[in-house]
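Protein chains: 2
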Amino acid sequence: MDNLSNVLDAISHPSRRAILARLAEGPARVTEIAAPFDMSLNAVSKHLKVLEGAGLIHREKQGRDHVIEINGAPLNLVTTWLHDYERFWSQHLDRLEDHFKEKRRKS
Amino acid sequence: MDNLSNVLDAISHPSRRAILARLAEGPARVTEIAAPFDMSLNAVSKHLKVLEGAGLIHREKQGRDHVIEINGAPLNLVTTWLHDYERFWSQHLDRLEDHFKEKRRKS
Chain A
8 MDNLSNVLDA
18 ISHPSRRAIL
28 ARLAEGPARV
38 TEIAAPFDMS
48 LNAVSKHLKV
58 LEGAGLIHRE
68 KQGRDHVIEI
78 NGAPLNLVTT
88 WLHDYERFWS
98 QHLDRLEDHF
108 KEKRRKS
Chain B
8 MDNLSNVLDA
18 ISHPSRRAIL
28 ARLAEGPARV
38 TEIAAPFDMS
48 LNAVSKHLKV
58 LEGAGLIHRE
68 KQGRDHVIEI
78 NGAPLNLVTT
88 WLHDYERFWS
98 QHLDRLEDHF
108 KEKRRKS
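Residue numbers (the numbering used here), protein chains in the order written: chain A, 8 to 114; chain B, 8 to 114.
In case anyone wonders, no lab produced these hints; they're calculated from the structure.
All C-beta atoms, glycine included, are put in the ideal place defined by N, C-alpha and C.
Do not take every clue at face value.
[To be verified] Restraint ranges, calculated between C-beta atoms of paired labels, are given here: (1) G70/B <-> K56/A: 47 to 57 Å; (2) T38/B <-> T38/A: 48 to 58 Å; (3) T38/B <-> L48/A: 25 to 35 Å; (4) G70/B <-> E76/A: 13 to 23 Å.
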């Protein structure tokens, strides 16, 4: 998969978006991330792997713990895609407007 | 799944983004959508179902054909999420800056 697809897939799950929101408040250990959620540590670990694969988090080993930190940079891929898309979209709306103008003119 | 999750899941696949880009140029029949892609009609139909489930397209029956039209509105959910996120993210960067300022002050 390309990077944009990986990022979109990673953020498509509500639990993973909730984890990102938690990490936006500051780095945290896996147990700290899991605490507010009704999820097993195992489930949280799987979600973290998906986020890591998309480059949205990185982890640092501190003694026996893994401290997880957010990396928002790959979200720029989504912003860029949406912007490109809005351009397409507004061209589409322009054409639609022309279409209705033409219709009005004819009637 | 919530709407935002559905939309993100729908656009996470490169073929579905390519289909949306094609539809941004104007409405099209399923066969017309499939033509430029190295995909079976069946594969395209499956992708269209996912896009439809996310509200990103709608289809209109014209005689024996289905004409597919894009609906960009649900993409606003993604834009909103990213904006909320950027707010979190910039707060995080502010705190990081404070952290380094404090470190510099102490050294």
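Tested hints:
{"no.": "1", "hint": "G70/B <-> K56/A: 47 to 57 Å", "verdict": "holds, 49 Å"}
{"no.": "2", "hint": "T38/B <-> T38/A: 48 to 58 Å", "verdict": "holds, 54 Å"}
{"no.": "3", "hint": "T38/B <-> L48/A: 25 to 35 Å", "verdict": "violated, 49 Å"}
{"no.": "4", "hint": "G70/B <-> E76/A: 13 to 23 Å", "verdict": "violated, 57 Å"}
When held up to the earlier numbered hints, the structure conflicts with 3 and 4 and fits the remainder.
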